[in-house]
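Number of protein chains: 2
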Amino acid sequence: MKSANPTRQARIKANSAGRRELQKQELRRTILHAATQLFEQHGYDGFSLRQVAEAIGYSPTTIYLYFKDKDDLLFAVCSQGFIEFTQALKNAFAQHTDSKERIAAMGRAYLEFGLRFPLHYQVMFMQRAEWVLRSNQANGSGTDKGESSYQIMLEAVVQAMKTGVLRVADPVQTTNLLWSGLHGLVSLHIGMQGVVPQWEEDAVRRLLDRYMEVVLVGLVG
Amino acid sequence: MKSANPTRQARIKANSAGRRELQKQELRRTILHAATQLFEQHGYDGFSLRQVAEAIGYSPTTIYLYFKDKDDLLFAVCSQGFIEFTQALKNAFAQHTDSKERIAAMGRAYLEFGLRFPLHYQVMFMQRAEWVLRSNQANGSGTDKGESSYQIMLEAVVQAMKTGVLRVADPVQTTNLLWSGLHGLVSLHIGMQGVVPQWEEDAVRRLLDRYMEVVLVGLVG
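Each protein sequence line maps, in turn, to chains A and B.
Per my numbering, residue 1 is the first one in the first sequence, and the count goes up by one each step.
Per my numbering, residue 1 is the first one in the second sequence, and the count goes up by one each step.
One should not assume that every hint holds.
[As the list claims (entries may be wrong)] In the DSSO-like style, the derived pairs of lysine-lysine whose C-alpha atoms are separated by at most 30 Å in a straight line are:
1) A:Lys68 to A:Lys24
2) A:Lys90 to A:Lys100
3) A:Lys70 to B:Lys70
4) B:Lys68 to B:Lys24
5) A:Lys24 to A:Lys13
6) B:Lys100 to A:Lys100
The set of hints was computed from the structure by calculation and includes no laboratory data.
These numbers come from a predicted model, not from an experiment.
The following block holds chain A by itself, in its conformation from the complex (with noise of 0.2 Å):
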């Protein structure tokens, strides 16, 4: 009956903590705000913590009650990044019906996160493999049938399969050599680009489009 018909002091207090618990939420973002554009202005070397509480006006020590450490700060940064990159690659696949143009479109989207994010693409896919799992579990996605970018990208080679759009083979494979391509070239452009001719951002688009003409063409011949 309780809770049905609280007394006034237990409702003073079940807002309180409702507003403390608000308030935690809100310094929590604030944070990781401040650190998002830090990482952005510093990369992954030049991130500091002490940075970010200064950013702030917060003490060090308020923000290590809501991150373990500096890494920690981190992973939440890229994991951010992380769930957009997820949602980029799963409009793609919803905007299409047709298996190849969903596959190209996957492609782009993909790149184009690349090419806007480098920082935390360079961290997630080239420096810190090992958050890609982290972030997927941390995501409710660590499962088989999980929600992760890698297995819409799988979804989406299944499909095409199935459509008998592409020809049968090891769907895992299949999925891991057209990342092979994609990785290829956003590295590549963020490794490259004024250092070796034609990896600059519209040669890059323009080497996407071909990548996927050919290699579609070879996946299904």
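Add chain B to chain A, keeping to what the hints say.
This is chain B only, laid out in the frame that chain A set:
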């Protein structure tokens, strides 16, 4: 006439200068050898010039006579690996006359280098991309018609187009396309093995064979 019939003193002087030069070259090799071993043990981030000095029983000051700084020494280590990489691609090129078999063999040589020297690969293609250019220049292949690994791949593509084995298209873009898949394969192997399935050595060898098959069908069709 002096050089045809040098005096005894001049001969001694020349011999002694030659000996000193040989000693210098030998010490440089010793430093480089120790540095390579330490690099292979500790990687890019864990590498220190002091450790190299300790390993060979010289002071860091002696090393500075041969290499400007830690970065310069690390570059020399990686550059050495790069020469081997280029040689492996050259050998694969030379061993085949059939354009498709040649490109597939070069793909296998590329992967095998990455599997055998993941740390060298990581630094050259993932962390210090500008060293690729510097290495090509240092090895006298900074010109358009140079002997860099990239030029060898490009040459194989041009040959395949000339002989009608590959459809004629922008050869630089086609080389970048092939390279993207190869780089994706090697770097995902380095980053993802043990994290996500099917990135172990043997799986990645099978994936390379499939990639070459698929992409060559697509580049012909």
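TODO: Decide if the proposed pair is consistent with the structure: A:Lys90 and A:Lys100, CA atoms, cutoff 30 Å inclusive.
DONE: holds, 15 Å
Task: Pairwise hint evaluation, A:Lys100 against B:Lys100, where the allowed Cα distance is 30 Å at most - done: The hint holds at about 26 Å.
- [ ] Starting from B:Lys68, check that the Cα of B:Lys24 is at most 30 Å away, please.
- [x] holds, 15 Å
Task: A:Lys68 paired with A:Lys24 [C-alpha distance capped at 30 Å] - done: Holds, at roughly 15 Å.
Task: Given hint A:Lys13 paired with A:Lys24 - CA-CA distance at most 30 Å - done: holds, 16 Å
TODO: Please work out if A:Lys70 and B:Lys70 have their alpha carbons no farther apart than 30 Å.
DONE: OK: A:Lys70 and B:Lys70 at ~27 Å, within 30 Å.
The structure shown violates none of the earlier numbered hints.
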